[in-house]
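Engineer: Sequence:
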Amino acid sequence: EALTIIRSRAPRLWVEIVATNDISDLKRREADIAIRHVRPDQPDLVAKLIRDAKGYFYASETYLAQRKRPKTAADLLQHDFIAYGDSQAMVDYMATIDLPITLENIPYGSTSIAAAWALARAGLGIAAMEDRIAETAPEMERILPDHPAISFPIWLVTHREIHTSPRIRLVFDTL
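All residue numbers for the sequence shown refer to our numbering, where the first residue is 21 and numbers rise by one.
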């Protein structure tokens, strides 16, 4: 929807979407605008909190038919996970939310959230996903439904100097 609005207001504007979990270096102009899950601390960046999102862990019906459905957090040690970005960071984070897994539980990963979600939808393991996106995939089942949601902020970030550019401002404000 946002891209349709941008296209109608600036039909000659070229937009490239870089879908990665890596943090682009806005200071070196690797990107004009970034959507991040952490607020940047550099003083020359402008950040706006879009919203606080929540997500859960999901597995495909195919995966769950082949494997025993996890009923407790301890059961997760018998399952495969798909990492977004750094696998060790995922293991460390999971420990903080009382979901014990090890690197051996993560046979697949990607820096692209879309690619990792596609792997989960293909039945290759369990993946975290924002609930609004997961609801659009009826073949995916939330696991450990009583476990609290994973909360994460969504920040829109741009460089202070280019924030005043009409083209960048249009995209920033529309997003």
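Simulated from the structure, these hints should not be mistaken for lab results. Here the structure is a predicted model, which means the values were calculated and not measured. All C-beta atoms in this analysis are idealised placements derived from N, C-alpha and C, irrespective of residue type, glycine included. It is possible that some hints are incorrect.
As the list claims (entries may be wrong) - Label pairs and their computed distance ranges (CB to CB): (1) Ile-117 / Asp-45: 26 to 32 Å; (2) Ala-85 / Pro-173: 24 to 30 Å; (3) Pro-127 / Pro-31: 19 to 25 Å; (4) Asp-106 / Glu-81: 27 to 33 Å; (5) Arg-27 / Gln-86: 28 to 34 Å; (6) Gln-108 / Gln-62: 23 to 29 Å; (7) Asp-61 / Arg-189: 35 to 41 Å; (8) Glu-161 / Leu-97: 16 to 22 Å; (9) Arg-189 / Gln-62: 17 to 23 Å; (10) Asp-151 / Gln-108: 36 to 42 Å.
Stated by the list, open to error - Below are the DSSO-like pairs computed for lysine-lysine, each with C-alpha atoms no more than 27 Å apart in a straight line: (11) Lys-91 / Lys-74; (12) Lys-74 / Lys-88; (13) Lys-68 / Lys-47.
Engineer: At the C-beta level, are Gln-108 and Gln-62 separated by a distance inside 23 to 29 Å?
Structural biologist: holds, 25 Å
Engineer: For the pair Pro-127 and Pro-31, does the Cβ-Cβ distance stay inside 19 to 25 Å?
Structural biologist: Violated: the Cβ-Cβ distance is about 45 Å, outside 19 to 25 Å.
Engineer: Kindly confirm whether 36 to 42 Å is satisfied by the beta carbon distance between Asp-151 and Gln-108.
Structural biologist: violated, 26 Å
Engineer: Are the Cα atoms of Lys-91 and Lys-74 separated by 27 Å or less?
Structural biologist: holds, 21 Å
Engineer: Holds or violated: the 27 to 33 Å window for the beta-carbon distance between Asp-106 and Glu-81?
Structural biologist: holds, 29 Å
Engineer: Do the beta carbons of Asp-61 and Arg-189 sit within 35 to 41 Å of each other?
Structural biologist: Violated, since Asp-61 and Arg-189 (Cβ atoms, about 23 Å apart) do not stay within the stated range.
Engineer: Can the restraint linking Lys-68 and Lys-47 be considered satisfied, given a maximum Cα separation of 27 Å?
Structural biologist: With a Cα-Cα distance of about 17 Å, the restraint between Lys-68 and Lys-47 holds, given a limit of 27 Å.
Engineer: Indicate whether the distance between the beta carbons of Glu-161 and Leu-97 respects the range 16 to 22 Å.
Structural biologist: holds, 19 Å
Engineer: When you check the alpha-carbon spacing of Lys-74 and Lys-88, does it fall within 27 Å?
Structural biologist: Answer holds: Lys-74 to Lys-88 is near 26 Å, not above 27 Å.
Engineer: Using the C-beta atoms of Ala-85 and Pro-173, is the stated range 24 to 30 Å upheld?
Structural biologist: Once the Cβ atoms are compared, 35 Å apart, the range 24 to 30 Å for Pro-173 and Ala-85 is violated.
Engineer: Using the beta carbons of Arg-27 and Gln-86, state whether their distance is inside 28 to 34 Å or not.
Structural biologist: violated, 43 Å
Engineer: How does the Cβ-Cβ distance of Arg-189 and Gln-62 compare with 17 to 23 Å: does it lie in that range?
Structural biologist: holds, 20 Å
In this structure, the earlier hints numbered 2, 3, 5, 7, 10 are contradicted, and the remaining ones agree with it.
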